[in-house]
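4 protein chains.
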Amino acid sequence: MKISKDQIQDANTKTIDSHNENFSFLSEQLSKKGHDVSNIISKLSKFQVAIPSWALGAGGTRFGRFSFYGEPSSLEQKLDDVGIIHSLTQTAGSVSLHIPWDIPSDYSAIKEQAEKLNIKFDSVNSNTFQDQEGAKESYKYGSLSNISKAVRDQAIAHNLEVIKIGDKLGSKSLTVWLADGSCFPGQNNFQTALQNTQDSLKDIYKGLPNDWSLLIEYKPYEPNFYSTVIQDWGTSFMLANECGDKAFTLVDLGHHLPNCNIEQIISMLMLKGKLGGFHFNDSKYGDDDLTVGSIKPYALFLIFNELVYGMQNNPQNPDLAWMIDASHNIKDPLEDLIQSIEAIQQAYAKALLVDQKALKVAQQEHDVVKCQEILQEAYRTDVRPLVEKTRFDIGGAISPIDTYRYLNVRNELIKERGKHTTATGL
Amino acid sequence: MKISKDQIQDANTKTIDSHNENFSFLSEQLSKKGHDVSNIISKLSKFQVAIPSWALGAGGTRFGRFSFYGEPSSLEQKLDDVGIIHSLTQTAGSVSLHIPWDIPSDYSAIKEQAEKLNIKFDSVNSNTFQDQEGAKESYKYGSLSNISKAVRDQAIAHNLEVIKIGDKLGSKSLTVWLADGSCFPGQNNFQTALQNTQDSLKDIYKGLPNDWSLLIEYKPYEPNFYSTVIQDWGTSFMLANECGDKAFTLVDLGHHLPNCNIEQIISMLMLKGKLGGFHFNDSKYGDDDLTVGSIKPYALFLIFNELVYGMQNNPQNPDLAWMIDASHNIKDPLEDLIQSIEAIQQAYAKALLVDQKALKVAQQEHDVVKCQEILQEAYRTDVRPLVEKTRFDIGGAISPIDTYRYLNVRNELIKERGKHTTATGL
Amino acid sequence: MKISKDQIQDANTKTIDSHNENFSFLSEQLSKKGHDVSNIISKLSKFQVAIPSWALGAGGTRFGRFSFYGEPSSLEQKLDDVGIIHSLTQTAGSVSLHIPWDIPSDYSAIKEQAEKLNIKFDSVNSNTFQDQEGAKESYKYGSLSNISKAVRDQAIAHNLEVIKIGDKLGSKSLTVWLADGSCFPGQNNFQTALQNTQDSLKDIYKGLPNDWSLLIEYKPYEPNFYSTVIQDWGTSFMLANECGDKAFTLVDLGHHLPNCNIEQIISMLMLKGKLGGFHFNDSKYGDDDLTVGSIKPYALFLIFNELVYGMQNNPQNPDLAWMIDASHNIKDPLEDLIQSIEAIQQAYAKALLVDQKALKVAQQEHDVVKCQEILQEAYRTDVRPLVEKTRFDIGGAISPIDTYRYLNVRNELIKERGKHTTATGL
Amino acid sequence: MKISKDQIQDANTKTIDSHNENFSFLSEQLSKKGHDVSNIISKLSKFQVAIPSWALGAGGTRFGRFSFYGEPSSLEQKLDDVGIIHSLTQTAGSVSLHIPWDIPSDYSAIKEQAEKLNIKFDSVNSNTFQDQEGAKESYKYGSLSNISKAVRDQAIAHNLEVIKIGDKLGSKSLTVWLADGSCFPGQNNFQTALQNTQDSLKDIYKGLPNDWSLLIEYKPYEPNFYSTVIQDWGTSFMLANECGDKAFTLVDLGHHLPNCNIEQIISMLMLKGKLGGFHFNDSKYGDDDLTVGSIKPYALFLIFNELVYGMQNNPQNPDLAWMIDASHNIKDPLEDLIQSIEAIQQAYAKALLVDQKALKVAQQEHDVVKCQEILQEAYRTDVRPLVEKTRFDIGGAISPIDTYRYLNVRNELIKERGKHTTATGL
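Chains as they are written, first to last, in the numbering used here: chain B, 6 to 431; chain X, 6 to 431; chain W, 6 to 431; chain R, 6 to 431.
A hint or two may mislead.
For chains that are exact copies, the list does not tell them apart, and a pair is met inside one copy or across any two.
Calculated lysine-lysine pairs in the PhoX-like style (CA-CA distance at most 20 Å, straight line) [stated by the list, open to error]:
#1 Lys375 with Lys365
#2 Lys365 with Lys145
#3 Lys375 with Lys362
#4 Lys125 with Lys177
#5 Lys177 with Lys251
#6 Lys121 with Lys375
#7 Lys154 with Lys19
#8 Lys121 with Lys173
#9 Lys116 with Lys177
#10 Lys38 with Lys277
Just so you know, the hints here were simulated from the structure itself, not pulled from any lab data.
All chains, full assembly: derive it from the sequences and hints.
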């Protein structure tokens with residue numbers, strides 16, 4: 006199923022008047038306060054976030070999985086799903102593939118399909134946290150960090166293979182999430198595991214095309230419950246430095262210990278020119294992978310505040326690979342992703358409203374009350390009309406969720422695909 | 006120093022036009038969506054939160070204290086400070102005294118002063134976590150839970166004395182925050198400590214006037230770092246049940262383990278008719294006592310959502326004693342309290358915008374996406390014009406912080422009191 | 006495969022001399038300090054902990070599962086596995102079944118097998134956190150708490166069915182772990198969910214035979230990541246009180262927020278006569294379900310210290326249903342369970358060495374240093390000879406793990422069952 | 006008060022027989038297992054940990070302080086206290102001064118006193134988290150990170166002054182604990198604060214004598230409750246690398262987010278040659294500063310396991326500056342410190358018992374069960390006789406706490422100093 010521009014325009018007619026009224030009022034108020042509204046909209050419209058191929062089916066927990074209907078069962082159908090989201094939001098213009106779940110059988114056909122849908126291939130992801138059928142070596146006790154050279158070599162070869170696949174599709178970065186670690190004290194020698202990981206990453210780095218980046222993810226725990234080799238940003242940063250200029254740290258919002266100040270980490274990495282990628286989600290307890298903005302929207306705003314600051318002040322830092330990394334256990338995955346995109350856009354819009362000049366002055370004067378007022382002034386603004394306007398201007402839906410439902414998308418997908426399909430992936 | 010109505014009106018003239026424009030637009034939009042704006046404003050205007058007497062001076066940490074200028078050094082001056090906040094916000098119409106820091110020397114004079122300032126005496130607080138000069142027994146190893154009967158008796162007598170003082174002032178509840186606990190395994194027998202606490206509370210309960218309530222606070226740690234006798238809502242709830250119908254649980258937002266779902270606790274307590282009081286603050290790590298709404302405003306909204314639901318649906322639950330319990334280490338305490346009040350009012354206003362009927366339907370249909378949309382619709386609304394309007398209508402400042410600064414209040418206080426005063430209390 | 010007494014005795018000959026030497030030295034030292042060693046051994050030998058039927062195969066995480074070889078694929082084989090553990094340790098004399106995974110096809114045959122293995126049927130567990138094939142209603146949005154009466158009725162009926170099955174086998178309690186909750190704010194009405202749960206539990210309670218207990222488990226999060234209906238001991242305690250005298254709280258060590266003082270909860274519940282069951286495991290981050298004692302053995306000791314105290318001083322509390330609730334992702338499940346049993350026995354032995362009289366005196370004198378010394382004196386004692394002696398005297402292995410390996414148990418199981426079997430359950 | 010060798014020998018006579026019996030049995034058992042007992046004792050006897058000058062008086066919390074009797078009120082008396090601990094334990098052979106609390110008035114007298122007590126001057130600590138009377142600039146909004154150059158310059162000058170003081174006393178390192186951070190979002194610009202800190206540290210580093218080290222501490226929160234400039238090991242490591250070869254990271258056990266795997270951090274830093282110092286304490290919730298080993302002794306063992314491994318395998322890492330950094334709110338500070346030393350020595354002794362060769366083999370074979378057994382074999386050993394023997398051989402007390410009490414030390418100190426003295430410091 007594809008959504009046509011006409012369908013969207015049709016749906017927009019229902020809300021366009023109300024939207025116009027809200028937007029013109031907000032726009033006027035913001036202009037009075039000195040904001041350049043069209044510049045903000047221009048920035049918002051350029052923001053594109055990747056959808057991971059595995060996020061289009063229902064997720065689950067170790068206790069079970071409740072499947073959703075009409076899930077995509079092929080890479081082609083996954084692309085179609087991303088296409089649907091992108092049609093509605095105009096913000097999901099890329100897909101992030103997970104190998105080996107998504108190896109194309111026909112590269113040119115897939116590329117052609119993606120082009121038609123106006124979707125690019127963002128960072129490719131390797132998988133060495135599960136064993137693949139027929140694999141010679143097992144990752145049960147680790148992959149890139151494994152004490153066994155044979156296992157490490159297999160994991161390195163897999164990563165190099167992923168690069169090749171991505172290269173054929175136009176990807177420009179490899180994301181390595183290394184689940185390696187241990188469940189019990191003594192199981193691993195920390196130093197050996199770290200050294201092996203460093204050496205393995207360097208081997209992968211050598212195979213990286215010149216215009217590619219290596220993005221090194223970190224996570225404190227799960228699926229290992231005593232230690233994780235790349236447990237925090239510091240370890241990732243150290244490894245990225247060891248690898249070279251094309252290696253960067255990737256931050257996933259759910260991969261931190263309780264109460265961690267994530268926005269400070271982002272700020273430091275951008276200052277050092279080492280923030281390469283960013284995975285969005287939300288969480289209350291651990292790596293809960295909930296819809297972006299559903300639990301701590303103010304923290305998301307503070308993070309965007311640092312991202313905006315870095316994008317404006319840190320030319321030493323590269324463009325970021327953005328991706329939504331959420332799991333969808335009890336919602337329609339497409340609706341969930343649309344809610345995530347909405348939350349991201351709103352947080353970005355609010356961050357663009359922060360009066361950076363006034364903030365700097367207040368900081369210099371140690372006027373803490375004022376500093377807080379400036380951030381809250383931006384955050385408390387209802388920016389929905391700005392985000393709607395951005396989408397509308399580039400052909401998207403004013404209200405993506407409503408339009409998705411109005412067009413009966415899920416029912417159409419079930420008709421096309423059948424009810425009890427299962428997406429590859431987790 | 007006192008702020009007159011004229012001064013406030015004068016300050017309001019600067020922002021009244023802009024406010025009117027914003028309010029009429031918002032009001033119209035809300036009315037279209039079916040909200041009864043005047044009813045919301047009426048509810049907001051009735052909401053009054055107590056200021057604790059000790060919160061008017063600079064706080065500190067165990068590592069030191071950086072004092073603020075012009076702090077109140079007597080109960081009279083503290084009342085004046087509350088009066089200033091109340092003049093500006095019209096929301097701080099009561100004070101919560103801490104004994105023995107705030108024992109009045111002349112009751113009728115204090116009552117007269119309070120009446121002039123339109124301030125009531127809310128819950129009185131006992132203090133058995135510090136030794137008072139000349140006290141016979143020490144609370145070093147606990148008070149109401151102490152294994153020594155002499156110590157327990159002293160602590161019970163102190164609480165009864167606090168009731169007497171409060172009674173003379175018109176207070177109607179006693180708040181017991183029991184810091185008792187242990188720093189090391191083995192130091193206390195948990196069962197003995199709990200039993201002693203239960204017996205001590207019952208003795209205090211017996212001395213409670215008929216129209217009074219006993220509010221039992223809980224906290225997992227600090228100042229004790231291994232165990233706290235009343236460590237969670239479950240323990241407080243159990244003790245309140247043992248005491249009787251006039252005993253209730255008091256929730257302080259900062260008194261929970263990491264990641265705790267506080268709104269659910271509130272909801273359960275109201276269902277059982279046992280939520281008696283509520284202390285506002287915000288925190289990122291522990292009992293940080295930061296300005297309300299400065300860290301997790303969405304959690305505050307979710308909490309208010311349950312409070313509003315309970316106030317509308319749980320006649321079995323009493324009216325709540327509301328108090329701001331924050332510490333002000335690096336801000337002007339009065340400005341900090343005004344920021345807290347603003348955040349509280351906004352969260353309350355947003356909670357009043359939740360479409361309870363639609364939510365119920367979405368819940369019944371297991372439409373999780375819709376449930377989230379309904380809450381976010383309310384939360385994302387910029388309710389500042391509503392809160393401004395509420396204040397303005399009852400004689401407060403449209404912009405309390407700006408007005409406070411415009412009137413040079415802190416400088417006036419310094420002139421009156423001198424620079425290097427110190428508030429009693431923490 | 007079954008292990009004969011002869012095989013164990015044979016293996017014991019290798020270590021008996023060294024064991025005797027260690028035991029007689031320790032025994033002498035303990036006697037000098039006033040301990041009644043034979044009494045301690047007698048208590049240790051009476052301690053039996055249930056093995057859950059699902060714990061005999063490899064577990065996994067949401068990211069995947071690495072299977073183990075020779076897993077049991079029928080209830081009969083699971084019983085055999087428990088028999089192996091019990092032969093070696095003489096401490097695993099019961100099994101805890103999970104329905105519907107373990108419904109016997111022939112009750113008398115199963116009972117006969119269990120009797121031969123000297124294994125009893127402990128608490129039975131219902132499962133309403135997964136959908137069963139062919140089920141009319143889905144538990145995707147909850148079971149006992151579900152807003153839909155049809156779903157609640159199905160879940161209640163399932164629990165009543167589980168009681169019937171357990172009754173035929175000689176079980177005397179039903180354990181309800183209710184995974185119900187929500188992943189997003191607004192998804193559930195907390196009050197409705199709690200009220201429904203209370204009503205459902207009361208319905209189940211009505212179907213409880215007179216000599217049975219209802220054990221109500223609690224857990225803060227997972228598989229739901231915003232709220233859980235029975236989130237903490239307070240909620241479980243409240244529900245147990247609502248149900249009646251035969252309803253109790255069940256504590257699982259992994260089901261708490263970070264840093265929670267679990268031993269205090271245990272102590273309070275025993276004082277109130279409401280601790281009914283106990284699930285052992287260990288964890289560093291969340292409900293990690295690691296081998297007992299592998300991460301925080303001192304906390305385990307402190308917990309046993311309260312359990313021993315309660316067993317000695319709280320006649321109002323019933324005998325406890327003990328169970329190991331760990332997951333075995335990277336170890337041979339049987340070896341893992343043996344390590345857990347060893348850790349439990351050592352913690353229990355150490356708790357039995359605490360000088361309760363001296364501790365009471367030190368507490369009364371507020372001699373905190375001494376209190377700590379008393380607990381550490383017990384904890385620092387190397388009690389392995391005591392535990393070995395206990396096992397040896399009743400026919401078990403001095404070194405269960407070594408004996409398990411010496412007898413090549415896993416290889417024998419693989420020979421019998423084949424390599425690539427899969428256990429039912431998680 | 007000073008404790009003579011005779012007094013200690015006298016006290017030892019009471020326990021020597023029992024000690025000898027225990028030691029010879031343990032020694033024999035360990036030798037049978039292949040351990041070189043005299044080598045272990047030799048290593049234990051060389052281990053010396055510094056006592057911080059401020060730890061000899063009672064600490065407190067922000068809620069108050071319960072003082073202890075006979076506290077040292079001068080640097081001379083503090084040295085005497087360290088001397089008492091060292092006499093008893095023979096393990097506290099150095100003191101770590103905090104400036105400006107402990108500036109000597111007569112350097113040669115202090116050095117002479119220290120020499121007589123056999124005490125060295127370990128790392129010196131600067132203090133820029135409190136304002137000193139008469140200081141021109143305030144650290145209320147930060148010191149080395151402050152946006153104001155004047156404040157930064159004052160803080161840098163203070164650190165250089167501390168180096169000078171330490172140099173006169175024979176210290177060889179400066180420890181910088183930087184409390185700088187912010188309490189509210191927006192208060193600080195993270196990048197500016199980090200850049201300023203880096204520049205300030207470099208300025209201090211320039212003033213470092215050639216044979217000195219700069220030890221950079223980190224801490225996630227407190228006294229700032231939104232952000233801390235040096236929030237984690239990664240930031241400290243980055244700053245140390247920027248400074249140069251003489252700059253290192255200092256790990257304080259209490260300065261981590263909940264559930265952090267500290268032993269892995271230690272291991273990584275030693276591999277990279279950047280672990281410079283170590284502060285011992287224990288905690289359950291935050292930076293609780295409890296007696297070492299009183300809450301998580303197994304974690305302490307795992308940490309020592311990495312320290313021992315690093316000391317044996319990482320010549321690239323310098324000798325460590327060890328210090329006890331605990332607060333003593335409800336215990337006699339000297340007894341508390343003795344308990345801490347005992348716990349440290351036991352953890353060290355147990356780590357020395359780990360069979361590194363067997364562990365390496367088990368790790369290579371992925372025998373996770375065996376790896377755990379090897380660590381637990383060491384940990385479960387009762388090493389108290391080893392530690393007693395170590396102390397006894399070099400003139401210390403077999404039972405330091407008992408001897409301290411037997412000699413009535415605290416009473417003697419009260420006689421000498423009076424009851425109501427107050428130690429300088431926190």
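Hint check:
1. For the homomeric pair Lys375 and Lys365, the shortest alpha-carbon distance inside one copy (11 Å) is at most 20 Å, but the shortest distance between copies (40 Å) is not.
2. When the C-alpha separation of Lys365 and Lys145 is checked against a cutoff of 20 Å, the pair qualifies only between copies, where the shortest distance is 18 Å, while the shortest distance within a copy is 51 Å.
3. In the homo-oligomer, the alpha carbons of Lys375 and Lys362 lie at most 20 Å apart inside one protomer (12 Å), although the nearest pairing across protomers, at 39 Å, exceeds that limit.
4. In this assembly of identical chains, Lys125 and Lys177 lie within 20 Å of each other by CA distance solely inside one copy; the values are 11 Å within and 58 Å between copies.
5. In this assembly of identical chains, the alpha carbons of Lys177 and Lys251 lie at most 20 Å apart only when taken from the same copy (11 Å versus 40 Å across copies).
6. Taking the shortest Cα distances, Lys121 and Lys375 never come within 20 Å of each other, neither inside one copy (49 Å) nor across copies (31 Å).
7. Taking the shortest Cα distances, Lys154 and Lys19 never come within 20 Å of each other, neither inside one copy (62 Å) nor across copies (37 Å).
8. Only within a single protomer do Lys121 and Lys173 lie at most 20 Å apart by alpha-carbon distance; the minimum there is 17 Å, versus 64 Å between protomers.
9. Taking the shortest Cα distances, Lys116 and Lys177 sit within 20 Å of each other inside one copy (15 Å), while across copies they are farther apart (63 Å).
10. Taking the closest pair of Cα atoms, Lys38 and Lys277 never come within 20 Å of each other, the shortest separation being 33 Å inside a single copy and 48 Å across copies.
Violated hints, listed in ascending order, are 6, 7 and 10; each of the other numbered hints is respected by the structure.
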